[in-house]
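A.B. asks: The residues making up each chain are set out below.
There are 2 protein chains.
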Amino acid sequence: MHANEAYSALMAHMRDVVALSQVSGLLGWDQETTMASGSAMQRSEWMRAMGSVIHAKRTDPRIGEWLAAIDMAGLDATGQGNLRIITREYERQSRVPAELAAEIARVTSASQGAWAKAREAGDFAGFQDTLSEVLNLRRQEAEALADGGDLYDALLGEYEPGMTAVELDVLLGNLRKGLVDLRLRVGESTVEIPDLQGSFSSDQQMLIARELAGAFGYDWSRGRLDLAVHPFSSGSFDDVRITTRVAENDPFNCAYSTIHEVGHAVYEQNIDRKHGLTPVGNGASMGVHESQSRIFENQIGRSRAFTGHLYRRMGAVFGDIGIESAERFYHVVNKLRRGFIRTEADEVQYNLHVLLRYDLERALIAGDLDVGDLEAAWNERFAADFGFAVEGAANGVLQDVHWPVGLMGYFPTYSLGNIYAGELYVGLRGDLPDLDDDLTRGDASKAVAWLGEKIHQHGGIYQPSQLIERAVGHAPTEEPLLAYLNHKFGGIYQI
Amino acid sequence: MHANEAYSALMAHMRDVVALSQVSGLLGWDQETTMASGSAMQRSEWMRAMGSVIHAKRTDPRIGEWLAAIDMAGLDATGQGNLRIITREYERQSRVPAELAAEIARVTSASQGAWAKAREAGDFAGFQDTLSEVLNLRRQEAEALADGGDLYDALLGEYEPGMTAVELDVLLGNLRKGLVDLRLRVGESTVEIPDLQGSFSSDQQMLIARELAGAFGYDWSRGRLDLAVHPFSSGSFDDVRITTRVAENDPFNCAYSTIHEVGHAVYEQNIDRKHGLTPVGNGASMGVHESQSRIFENQIGRSRAFTGHLYRRMGAVFGDIGIESAERFYHVVNKLRRGFIRTEADEVQYNLHVLLRYDLERALIAGDLDVGDLEAAWNERFAADFGFAVEGAANGVLQDVHWPVGLMGYFPTYSLGNIYAGELYVGLRGDLPDLDDDLTRGDASKAVAWLGEKIHQHGGIYQPSQLIERAVGHAPTEEPLLAYLNHKFGGIYQI
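First to last, the protein sequences are chains R and P. Counting along the first sequence from 1, when you hit position 56 you're at 56 in our numbering, and nothing is skipped either side. Take any residue in the second sequence, count from 1 to its spot, add 1000: that is its number in our numbering.
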């Protein structure tokens, strides 16, 4: 077979795989936003049937033949990106025995329900055996994937291709030191920041959410906004949907959930159209994806300039919100709060939650920590980094769905995303010195365009760290993120 | 292979086919109700990929081997029903050459757009060549399917298995005579019936729509109600969704569109659960489906008893609607109107629209009528049966999407549905003599339960005419429908 023919045949095959995977994604969206509760059993049959079809296509032995016939050096960057992703997926699917994959699917599906019950009861001991089983299966999978290499790296590679635990240990270890130090200093500040009071109508919150999505470049002609219990963004190319939630006493929840998900969605929408329905037609990694949602939400959305705009819009829509100035509003938006829950944490403490999970799952995978000792280890680490004790397993080791469903090696991509966002924000500010003038008017388009050029358009062509390095000119470190946080919160808390 | 093993293997295979077909159905629902306009191109790629996967599974040569190994006589009624449906589908897929099927898909997809433009321009001549091409391809398909038999029967069999044109000619010919006669007599009546006047809010119409769906037994835990340009019901088993539309000046449109779609949906929802995800887990045919939507909408929904309930509910929700009594309201609901459009027609004239199309498409398929003469033939027949002249092709030969997309052999199932509904209504009234007491209170549950027992629960186990015969004790004829219409409209118009 000629190399060009093999590449064309492979890409035609992958077009179906990508399309069918996107269909599965829509089924997931529908399940979370639209489906009636009584349709759940049938839906799981649909997902099983789709999964079976996609798996058969992903493990089609012709893929191996096509890959062998293609001359990688003869391809351009796009072709090489596609080949890299296809090869990785194919090797992954080939290395993991079908029985193990099926067993993992079965156990993690059941364990989610067991976890939900255990969390409600605050009973980690009752969930321990299930978690051990999940961990054991994922370690077996990691052994199959690692091919003699590091087990944690094998799992991490699924979410952040090319990243290693050795690199993470340095980046995240440094990040932890800086964050604990900053948290302690904020704790000693005498600055008092009030909370937002009152009730804010759902319709008005959604009006603002739609405005915000537009301000951050969301393309309404290729997506939609709905409500979901846990906001998410879903889809790629020409159908990228976002969800948000409304808490009547906290309009920031809706506003910043929306901006966060718009960050994910606009990334997907802005990938060069020519990559639609190809393997590089998705974001580069979980970490890079999170960098976009977080830079939209935090560095831009929670900036003094943009909160100035939001202050005026909220005043116009809700009437008097009881905060006397835009500067005060900026402080309220960015206030540090004592809390147990990762997903509710502020910019300073969020990554401390993630780093705790990273170190614990590293130890679990390495066999240095038993599941039986996990809760104690969690509580000890929490007290050390946050300065107060966990109250109950639902506020601690049982709070996240990730481990119960087998997502081990996933957590560090959250902090990597913040580290990438820190790097990108320096570059963005350097290239757009007058950005605040726009943000004050509620116009984020130049920032979005800068990210579009540096990150979005490329989709999955480059490895994540390579993509960031191309954008900022050097390998990413935690320093810009720490400098940004120290500067911002040093100002707000006068420390 | 043992017969039992073959049956189990076949049914496991079909479970995937059914599930994947249902996924395609959800994609269609999403496209009509939810999807953004800019997602259309990607969606067609999804449909193509799903169609390709489903086609490959439907034509899997193992199906032929399994079918050959199964002893039909050793199966119960459910097994025989499944075998009958699977065999029919497999033969259909095997007889039609893949290139012809692909060409039909390509041409009918493009012709829909051409038809929409031609209809807007009222230009049948400009659409003639496209329609000829579609007709030619469908005749080729019919030849492949008919295997020497009648071409029209081959097309009809796709929608109404077991029915033949010879039988239809008798049933529908008699029906036409009776309806033309009734229409003429109503035309000579001196009774004057007013129209509903005013504006009716969308929210209030949807409130009534939801009440009506509940009154007719729609299970909200396994479905939902949304808006669509052309109302439809979609899905089967545990996920059956309905749509409706709202016209601010005509609340009957929303109410009766809803009841009609609930008829389709409740049929699917009430099929015995054990048939879920199997070939018999759908309604028996298009005709039987339409019998349920029409008996819900017309015989029950437009009855004097049920309109009495609706009159009180509309008064309570909208306030004074300007109609002095329930009896008068019953007349307004059932008023005959002069009109060109099938989908807007009343109970008397609706089937005249269908019969016109049936006779014309019979002649087209038989080669007795050229597409070039179709518009003239339509207009001549319309004037004869309706008593006035068609004004423009958009009001005549171009009004329906069916022929442009290749749906030839489909139209008669609408009238068959009405004929079946006429038969079933006699049985239902005979078994439930006090039904009007319930309907007057807005309670259709006993009627729905009767239909559930006689029709719904059986799904596709029996051939359509066999199913109706089991329910009413004899082969269906047009006489009960005509007797019902003569009685009802004879009373309203005092003729």
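FYI, nobody ran anything at the bench for these hints, they're computed from the structure. Do not rely on the hints blindly, as some may be mistaken.
What the hints assert, rightly or not - Short derived list, chain R residues pointing at chain P, Cβ under 8 Å:
id: 1; residue: Ala-19
id: 2; residue: Met-35
id: 3; residue: Ser-39
id: 4; residue: Met-41
id: 5; residue: Val-53
id: 6; residue: Leu-75
id: 7; residue: Gly-149
id: 8; residue: Ser-221
id: 9; residue: Arg-222
id: 10; residue: Phe-237
id: 11; residue: Asp-272
id: 12; residue: Arg-273
id: 13; residue: Gly-276
To be verified - Facing chain R, a subset of chain P residues (Cβ under 7 Å, in silico):
id: 14; residue: Ala-1012
id: 15; residue: Asp-1016
id: 16; residue: Val-1023
id: 17; residue: Ser-1037
id: 18; residue: Arg-1092
id: 19; residue: Glu-1167
id: 20; residue: Ser-1221
id: 21; residue: Arg-1222
id: 22; residue: Ala-1228
id: 23; residue: Phe-1232
id: 24; residue: Asp-1238
id: 25; residue: Tyr-1484
id: 26; residue: His-1487
A virtual CB, placed ideally from N, CA and C, is assigned to each residue, including glycine.
A.B. asks: Are Met-35 of chain R and chain P close enough, Cβ to Cβ, to be under 8 Å, as the hint says?
C.D. replies: Holds: closest Cβ of chain P sits about 7 Å from Met-35 of chain R, inside 8 Å.
A.B. asks: Going by Cβ atoms only, is Gly-276 of chain R closer than 8 Å to chain P?
C.D. replies: Since the shortest Cβ distance to chain P is 7 Å, the answer is holds.
A.B. asks: Was the hint right that Ala-19 of chain R lines chain P, CB cutoff 8 Å?
C.D. replies: Hint holds; Ala-19 of chain R Cβ to chain P Cβ min 4 Å, cut 8 Å.
A.B. asks: Per the CB criterion, is Asp-272 of chain R less than 8 Å away from chain P?
C.D. replies: 15 Å, violated
A.B. asks: Holds or violated: the hint that Val-1023 of chain P contacts chain R, with Cβ atoms closer than 7 Å.
C.D. replies: This interface hint holds because 5 Å falls under the 7 Å limit.
A.B. asks: Would you settle whether the hint for Arg-1092 of chain P is holds or violated, based on the nearest Cβ-Cβ distance to chain R being less than 7 Å?
C.D. replies: 22 Å, violated
A.B. asks: Would the hint on Ser-221 of chain R stand, with a C-beta cut-off of 8 Å toward chain P?
C.D. replies: Result: holds, 4 Å to nearest chain P Cβ.
A.B. asks: Close enough to count: is the Cβ of Ser-39 of chain R nearer than 8 Å to one in chain P?
C.D. replies: Holds - the Cβ of Ser-39 of chain R comes within 8 Å of chain P, reaching about 4 Å at its closest.
A.B. asks: Minimum Cβ distance from Ala-1012 of chain P to chain R below 7 Å?
C.D. replies: 11 Å, violated
A.B. asks: May I ask you to test the interface hint for Val-53 of chain R with respect to chain P, counting a Cβ-Cβ separation under 8 Å as satisfied?
C.D. replies: Constraint on Val-53 of chain R satisfied, holds at 5 Å.
A.B. asks: Would you settle whether the hint for His-1487 of chain P is holds or violated, based on the nearest Cβ-Cβ distance to chain R being less than 7 Å?
C.D. replies: 40 Å, violated
A.B. asks: Tell me if Asp-1016 of chain P is really an interface residue toward chain R, meaning its C-beta lies closer than 7 Å to one of theirs.
C.D. replies: 5 Å, holds
Checked against the numbered hints given earlier, the structure breaks hints 6, 7, 11, 12, 14, 18, 19, 22, 23, 25, 26 and satisfies all the rest.
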